[in-house]
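Engineer: Going by the numbering used here, the letters in the sequence shown line up with residues 1 to 388, in that order.
Please keep in mind that the hints were generated in silico from the structure rather than gathered at the bench. Glycine included, every Cβ here is placed at the ideal spot set by N, Cα and C. Watch out, some of these pointers could steer you wrong.
[Said to hold, decoys possible] List of simulated lysine to aspartate or glutamate pairs, DMTMM-like, C-alpha gap at most 20 Å: (1) K282 to E357; (2) K367 to D257; (3) K282 to E376; (4) K282 to D322; (5) K282 to D257; (6) K282 to D334; (7) K282 to E217; (8) K367 to E224; (9) K367 to E215; (10) K282 to D373; (11) K367 to D322; (12) K282 to E370; (13) K282 to E224; (14) K282 to E215.
[Claimed, not checked] Simulated restraints on C-beta separations: (15) E87 to G265: 50 to 60 Å; (16) L264 to Q91: 54 to 64 Å; (17) A222 to G291: 19 to 29 Å; (18) E87 to P256: 43 to 53 Å; (19) R182 to A98: 32 to 42 Å.
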Amino acid sequence: MKICAWSLTTAAVLAAAAARAQPAADLERIQAAIAASRERVAIYEREQRGLLEAIDAIDQSAALLRVEAVRARRTADEARVALEETERTLQDAAARLAELERAMAVRAVALYRAGELGTLQLLFSAGGLRDFFSRVQMLRRLLRHDADLVARHREQARALEVARVRAAEASTAASAADETLRRRTAELDEERARKRTLASQLGKSRALARGALTELEIAGRALEETVAAWRGGPAPTETAAVPEGPPFPTLRGRLPDPVHGALLGRYGRVVAADARSATFRKGVSWEAPVGTPVYAVAAGRVRYAGRFRGYGNVVILDHGSDHFTVSAHLDRIDVRLGDAVAAGTPIGAVGETGSLEGPQLYFEIRKGGEALDPAEWLAALGTAARNR
Numbered sequence: 001m002k003i004c005a006w007s008l009t010t011a012a013v014l015a016a017a018a019a020r021a022q023p024a025a026d027l028e029r030i031q032a033a034i035a036a037s038r039e040r041v042a043i044y045e046r047e048q049r050g051l052l053e054a055i056d057a058i059d060q061s062a063a064l065l066r067v068e069a070v071r072a073r074r075t076a077d078e079a080r081v082a083l084e085e086t087e088r089t090l091q092d093a094a095a096r097l098a099e100l101e102r103a104m105a106v107r108a109v110a111l112y113r114a115g116e117l118g119t120l121q122l123l124f125s126a127g128g129l130r131d132f133f134s135r136v137q138m139l140r141r142l143l144r145h146d147a148d149l150v151a152r153h154r155e156q157a158r159a160l161e162v163a164r165v166r167a168a169e170a171s172t173a174a175s176a177a178d179e180t181l182r183r184r185t186a187e188l189d190e191e192r193a194r195k196r197t198l199a200s201q202l203g204k205s206r207a208l209a210r211g212a213l214t215e216l217e218i219a220g221r222a223l224e225e226t227v228a229a230w231r232g233g234p235a236p237t238e239t240a241a242v243p244e245g246p247p248f249p250t251l252r253g254r255l256p257d258p259v260h261g262a263l264l265g266r267y268g269r270v271v272a273a274d275a276r277s278a279t280f281r282k283g284v285s286w287e288a289p290v291g292t293p294v295y296a297v298a299a300g301r302v303r304y305a306g307r308f309r310g311y312g313n314v315v316i317l318d319h320g321s322d323h324f325t326v327s328a329h330l331d332r333i334d335v336r337l338g339d340a341v342a343a344g345t346p347i348g349a350v351g352e353t354g355s356l357e358g359p360q361l362y363f364e365i366r367k368g369g370e371a372l373d374p375a376e377w378l379a380a381l382g383t384a385a386r387n388r
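Work out the full structure, taking the sequences as your base and the hints as a guide.
Structural biologist: Below you can see the structure in the form of structure tokens.
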């Protein structure tokens, strides 16, 4: 059992050390992504164009850093467990050595009291030949016992030294893992802060706000054209049959919300704060913490799963009858192109990729290229709209 625990501890220490020596390629990839995002932001600030490219670059570097932060946290946790185990092993080794030294002290006192001639006196005071040989056997057992004590003492002393070395290694590994976690977390916070800075600049400059609006409108048209091109077209490679369910048009007014969150923006005309410009929001958005599950509102097949300029991570479901739903700004995507999903299936999680307003889910319902008012389809949203 002790050997097994020691092996597990050693493996944990080695794993932590391996993680500490992170492959240069991974570090270079992170550094390149951060450099690219900074360059994109610099171009945007200098030329006042390319906002979506800057946001996309920040999102990509942040995504890499999130993965690395999770890895660093796992490594730090493993290193701390290894450190605790090696410290227990060190304490056990020290206790066993102390126990042996107490036993050796007892024998040393006995030998001292017997004196140099104690052994001879024991033998020559025998009552006969049988008693003499009995005492010889007893002395042999004592010698073997003493020799065993010395050998065990040497072994435990070596074990204690090894435990000290490995405890020091585990401590170093834990410290390095904690430092890596601290750096990755700081870098991720810095990327998020730069994104917030970009968003805040839009509220201070009408020119930047108009430029951003133009870029978002272009991105919206690109999404619209993408979905419109699928109208009546063949489905992507199928990985499974679409779960049976009522035709999508019959679900009007009865669909569940795709996420649990606070309504952030409704479908329709949106007037800017300065009342000098307006745009038309073709979907609705909910505010929710990063990682909140996003669900399919009806059965369908995944037509798109990936990044889309201006929308971040996007999942588009084909529900048949030329009806599609779009879920955007996802932190992660839990489905693949061609997957068949049932109503209520988790398809991703709320995030802020491509978003200038923090974590949110942006959601559209489309018939071909035409955006429909989700309030007419989602039961809860429709009820809220009627009660306004």
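Engineer: So, for every hint listed, does it hold in this structure?
Structural biologist: Hint check:
no.: 1; hint: K282 to E357; result: holds, 16 Å
no.: 2; hint: K367 to D257; result: holds, 18 Å
no.: 3; hint: K282 to E376; result: holds, 13 Å
no.: 4; hint: K282 to D322; result: holds, 17 Å
no.: 5; hint: K282 to D257; result: holds, 16 Å
no.: 6; hint: K282 to D334; result: violated, 24 Å
no.: 7; hint: K282 to E217; result: holds, 11 Å
no.: 8; hint: K367 to E224; result: holds, 10 Å
no.: 9; hint: K367 to E215; result: violated, 24 Å
no.: 10; hint: K282 to D373; result: holds, 7 Å
no.: 11; hint: K367 to D322; result: holds, 5 Å
no.: 12; hint: K282 to E370; result: holds, 9 Å
no.: 13; hint: K282 to E224; result: holds, 10 Å
no.: 14; hint: K282 to E215; result: holds, 15 Å
no.: 15; hint: E87 to G265: 50 to 60 Å; result: holds, 54 Å
no.: 16; hint: L264 to Q91: 54 to 64 Å; result: holds, 55 Å
no.: 17; hint: A222 to G291: 19 to 29 Å; result: holds, 28 Å
no.: 18; hint: E87 to P256: 43 to 53 Å; result: holds, 52 Å
no.: 19; hint: R182 to A98: 32 to 42 Å; result: holds, 38 Å
In summary, the structure is inconsistent with hints 6, 9 from the numbered list given earlier, while agreeing with the others.
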